[in-house]
Amino acid sequence: MRFSARMAGVRRSYIREILKVTQNPEIISFAGGLPSPDHFPAKAFARAATEVLEDSGAQALQYSITEGYPQLREFISERYKNKWSMDVPVENILITTGSQQGLDLMAKVMLDVGDDVLIERPGYLGAIQAFSLYGANFLTASLGPHGIDLVELAEQLRARPKLFYAVPSFQNPSGATYDAHTRREVARLMENSDTILVEDNPYGELRFKGEDVPPVRAFLDGERMALMGSFSKIASPGMRIGWIATGSELMHKLVTAKQASDLHTSIFAQRVLHRFLETNDLDAHIAMIRKTYGERRDVMVAAMKREFPEEVRFTEPEGGMFLWGELPKDVDSEEVFNKAIASKVAFVPGRPFYVDGTDNAFRLNFSNSTPERIEEGITRMGRCLKEVLAKSSKGAAAPANDAGLDI
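So the sequence shown is numbered by the numbering used here: it starts at 1 and just counts up by one.
It should be emphasised that the hints constitute simulated quantities derived from the structure, not laboratory data.
It is possible that some hints are incorrect.
Result set (DSSO-like, lysine-lysine): computed pairs, CA atoms no more than 27 Å apart in a straight line [stated by the list, open to error]:
hint : residue 1 : residue 2
1    : Lys386    : Lys329
2    : Lys253    : Lys108
3    : Lys305    : Lys329
4    : Lys329    : Lys391
Please read these numbers as outputs of a predicted model, since none were measured by experiment.
Please work from the sequences and hints to get the whole structure.
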């Protein structure tokens with residue numbers, strides 16, 4: 001087979017491959033980035049689908065415009081205005097088939113082989129995979145206790161990367177969040193740069209501790225950036241509906257690229273989602289999700305403090321779906337993973353979230369497990385960590401985890 005050259009350097013999704021291993025119901029999995037199915041509003045979606053088919057079945061089953069269902073785009077625009085006082089015109093919103101298509105479209109319209117892309121360290125695996133497909137050269141800036149390291153960001157922007165991809169709220173994989181000062185400083189740096197900021201905000205509504213902060217877009221001209229969002233974490237991932245909000249010049253290119261990709265995102269799914277949003281209280285639904293995730297996060301953090309060796313450090317996120325752990329530098333998380341799978345518990349080793357091969361870290365998902373399974377899974381994982389660290393001559397050198405990891 002004569003495959004394209006671009007496929008040679010792109011690996012299959014590490015997480016998707018792990019998920020195949022975790023299909024065994026006996027395995028307690030903290031590996032997938034899965035929302036809790038306990039709060040999928042199946043009955044409400046069933047009613048919405050029936051109403052859409054009864055009221056506008058012909059239109060819902062026909063081809064539609066590339067930009068997306070106008071009423072759904074209006075809902076998104078109004079939500080930005082009501083929640084953050086942000087003016088995001090309807091005509092500057094493109095509905096995508098999940099956030100992942102948004103990443104693909106941004107790469108398609110912006111990147112040539114060898115172009116620099118700046119990402120966070122650690123970075124979102126889905127973005128690394130999408131940008132790699134178009135031959136990106138990666139630059140990185142570290143995450144700290146207040147978000148992106150502003151000194152590193154300023155230094156890397158001097159190289160004039162085409163894109164800076166960031167997840168400022170409850171980042172995947174680390175759970176880290178930029179504070180308000182950092183967001184303003186990021187906006188200031190981007191205004192003095194010709195780099196396009198791609199702000200991905202799939203988890204921003206999932207805060208269960210602390211104070212809400214607006215997107216970086218609230219401090220920045222929307223013409224030279226792209227703000228991505230998704231209904232996957234607050235309604236249903238199976239609907240595969242996300243969006244990009246950006247300026248008119250970039251929007252024109254994105255629409256053209258999407259036309260060549262899939263013509264348009266499922267109009268039936270868009271109409272059903274919009275009917276659901278019209279006839280249900282989204283904020284009440286999100287509040288229920290926040291409560292559940294906050295409780296599960298607390299159970300996981302408490303269990304880790306109790307069961308993990310003190311050499312293992314980890315974040316204590318205020319929202320989202322993930323927390324991040326670091327092992328002593330001489331300990332390979334792949335070795336821990338292999339022991340954990342044998343003990344029927346799964347997580348994601350850190351390697352795929354870095355572009356330099358670092359692998360003394362791991363990601364845990366707390367949203368998709370009950371408190372009971374979290375307790376048992378962390379207990380099993382703690383035993384595996386103690387076995388691996390016992391073999392390490394430097395395992396006792398790291399500080400205790402009481403204060404959490406400083407990212």
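Let me make sure I understand: some of the numbered hints might not hold for this structure. Which ones are they, in numerical order?
none
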